[in-house]
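A.B. asks: Please model the entire structure based on the sequences and the hints provided.
For the sequence shown, my numbering gives the first residue as 1, with consecutive numbering after it.
Please note: incorrect hints may appear among the correct ones.
Label-pair distances were calculated between CB atoms; the ranges are [unchecked claim]:
(1) 49 to 79: 15 to 25 Å
(2) 45 to 13: 40 to 50 Å
(3) 44 to 76: 16 to 26 Å
(4) 53 to 33: 23 to 33 Å
(5) 57 to 86: 39 to 49 Å
(6) 65 to 32: 39 to 49 Å
No lab work stands behind these hints, which were simulated from the structure alone.
Glycine is no exception: its CB is placed at the ideal position from the N, C-alpha and C atoms.
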Amino acid sequence: MQNKGTIVRIVLVALMTYALLHFAAARAQLEQTRQLAGTLTAERERLETEKLHLTQLLEAGYDEGTIEALARERLGLVLPGETVFYFTKDREDQTDGTGSWSGS
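C.D. replies: Spelled out as structure tokens, the structure:
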């Protein structure tokens, strides 16, 4: 009889330990989810602010061309199908010092 009581206690301790560990893991995951939600909320608010600003510009009389130019300049946006070129400073050995191509 005493062995049966000991086995029951061991099983109960094991189950309580498992439940405690499972609860701790769930709590850590909940905290990560809350942090992600905060990050996404801040990003959504930033985008809503930008949208409001662009809407105000449009209502203030800016035409779509001006809005497009602002989006290209400030946000670096391009239209689908456009090719973007990035120019870098010419190396000194490629020019003759006046900015003209020295050729080779």
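A.B. asks: Range hint 39 to 49 Å: satisfied by the CB atoms of residue 57 and residue 86?
C.D. replies: Since the Cβ atoms of residue 57 and residue 86 sit about 28 Å apart, the hinted range of 39 to 49 Å is violated.
A.B. asks: Okay, residue 49 versus residue 79 on CB: inside 15 to 25 Å?
C.D. replies: holds (24 Å)
A.B. asks: Between residue 44 and residue 76, is the Cβ distance one that fits in 16 to 26 Å?
C.D. replies: Once the Cβ atoms are compared, 21 Å apart, the range 16 to 26 Å for residue 76 and residue 44 holds.
A.B. asks: A range of 23 to 33 Å was offered for this pair. Does it hold for the Cβ distance of residue 53 and residue 33?
C.D. replies: Once the Cβ atoms are compared, 31 Å apart, the range 23 to 33 Å for residue 33 and residue 53 holds.
A.B. asks: Given the hint of 40 to 50 Å, check if residue 45 and residue 13 actually sit that far apart at their C-beta atoms.
C.D. replies: holds (48 Å)
A.B. asks: Between the beta carbons of residue 65 and residue 32, is the distance compatible with 39 to 49 Å?
C.D. replies: Since the Cβ atoms of residue 65 and residue 32 sit about 45 Å apart, the hinted range of 39 to 49 Å holds.
The structure fails hint 5 only (numbered hints given earlier).
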